[in-house]
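> Given chain A, work out where chain B should sit, using these hints.
There are 2 protein chains.
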Amino acid sequence: MSATFTAEPSVAVIGTGAVGGYYGGRLAQHGREVHFLLRSDYAAVCKGGLSVSSPAGDFHLPPDQLRLYTNAAQMPQVDLVLVAIKTTANDFYEPLVSPLLKDNTAIITFQNGLGNEERLADLFGAERIMGCMAYTCINRIAPGKIHHVAHGFNHLGEFANKHPTRADKVAEIFRSSRLPCQVITDLPAGRWEKLAWNIPLNLSVLLDQMVDRILSTEMGVQVFREIAFEVLRIARSLGIALPDSLIDQHLQHAIQMGTYRTSMYVDREKQRPLEVEAIFGEPLRIAESQRISAPYLRTLYMLLKILDHPFKV
Amino acid sequence: MSATFTAEPSVAVIGTGAVGGYYGGRLAQHGREVHFLLRSDYAAVCKGGLSVSSPAGDFHLPPDQLRLYTNAAQMPQVDLVLVAIKTTANDFYEPLVSPLLKDNTAIITFQNGLGNEERLADLFGAERIMGCMAYTCINRIAPGKIHHVAHGFNHLGEFANKHPTRADKVAEIFRSSRLPCQVITDLPAGRWEKLAWNIPLNLSVLLDQMVDRILSTEMGVQVFREIAFEVLRIARSLGIALPDSLIDQHLQHAIQMGTYRTSMYVDREKQRPLEVEAIFGEPLRIAESQRISAPYLRTLYMLLKILDHPFKV
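Keeping their order, the protein sequence lines are chains A and B. Quick note: the first sequence uses the working numbering, first residue 22, plus one each step. Quick note: the second sequence uses the working numbering, first residue 22, plus one each step.
If we strip away everything but chain A, and leave its shape as in the complex, we get (with noise of 0.2 Å):
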């Protein structure tokens, strides 16, 4: 890590959805040098700027507060990358990220599920990469327009573990900003809690039906259950001893979250690609390869493939 990274890194947000807008938004409040690149939200954004509402303090970034682009080669190099694209996007992480590197650039995926960081690895170098788990409910209401729901709390940990503080300092740089942060010592365990709440999660996309609506039947609180379980299983033949404990409190974040739609919910939505793979493809696979039985898994990914195969009729 380079001794500018200490001081007061410049940081670029690669897709200024929901959560990029969120947390690009949050360090920019708090007087960070942030660059964010979008897409359709562009001139929305150069026009009104970023609004948004959260319980933990609403704000207002005026546009010419903001440092906007449409094309990652016109973006400074920084010192620190937010990737929080989709990962059904990923095939761009080359064009949309090597522009930004110098020697010292920090990667932090934002992104759900599995072999994001490796694919990242692979292109740009291991490490340079961490994984951030946000377990955040955030939406954009509008373009430019982001209400943070609930929650918020980060699982932040490095990919290769060569950077003895790397992460302590990312983690202090988010705290200050007003979004919690707690660094892990082990990645591939914070992935898989990630993916015990995710794959259950997505039963809302699945059924077409609040997460509320699910966790208020007896059947549904027992199918997140039992899901959540299977995927503690696959981690656990990979010798991720997570608690069954860990079910229970994703549970009642669950319920919880109130009436918050995923952001799979609102891509199924938008009818726009869904995070099958990373989310339910990838642990399916691993599952497969481990000899580990999955049925609710592979059930829910061919059936999330079908809803996902893009419309012919």
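What the hints contain is simulated information worked out from the structure, not anything from laboratory work. In this text, all values refer to a predicted model and were calculated from it rather than measured experimentally. Worth double-checking, as some hints may not be accurate.
For identical chains, the list gives no copy identity; a pair is met inside one copy or between any two copies.
[Unchecked claim] Dumping the calculated SDA-like pairs for lysine to any residue here, alpha-carbon to alpha-carbon at most 25 Å: (1) 190 x 92; (2) 291 x 239; (3) 107 x 238; (4) 326 x 309; (5) 326 x 273; (6) 107 x 239; (7) 326 x 270.
What follows is chain B alone, placed relative to chain A:
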């Protein structure tokens, strides 16, 4: 069977929805004495009669040619009772059917799933009971208006096999009323053959997608096949040897259905109770008692139970 039956049996239709309206309507169109029990559509049919559009020929039965009732207790005893209510209303078999019975009245259930014949047999005697597996796409498009979309073959079987000629006679009456009908000697095999149709087809309910959309995807076809195969494996554990070729046959029929909405799909749309127990729950319990692994059936059952739960929020 009484002699009256062979001559010109009188018929009662219990539940004049899509199936009851179409089958009863065809019989009435061809001069049979048909008594219809209605609920929500009574006033509309009293006023406008029964209209059927069908590739086998449209027809209209004006109110003065129809025998319409809202209360089974006011209906006459008949030779043949066609049961076409939802299985979710099976608790009402006794008050709906018993007023119609004389010594030799036969009862044919057109209902989907397992357990209907058994329950009718317990209430009214096994020797009365027949099952009809209707492979017919019919929608009730408005009160008193029925659209027969496609197909129409029927497999009719005796429950207790004590009547050497009764099923043949009923089939002949059906066929002479433009209702293709074939007698089968193995009713359980017919039921499981139909389940291998209903269970994969009702993916459309879970996914809130039309069958043609699902089957336009490779994954949709694969899942249809895998689910149907799972159903055949359960049947085989019971000694019911249905051939693998049945799956392609069902698949071809399903592809021909176009934009047809299954009855359970319509039930979900209208937030009515779903026939989950008869179509999914009963076969699943059999799979479990036979110790046959049925991961699709179990997952589909549990997810449909979540959907089926009365809305609380």
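> In ascending order, which of the hints set out earlier in this document are inconsistent with the structure?
1
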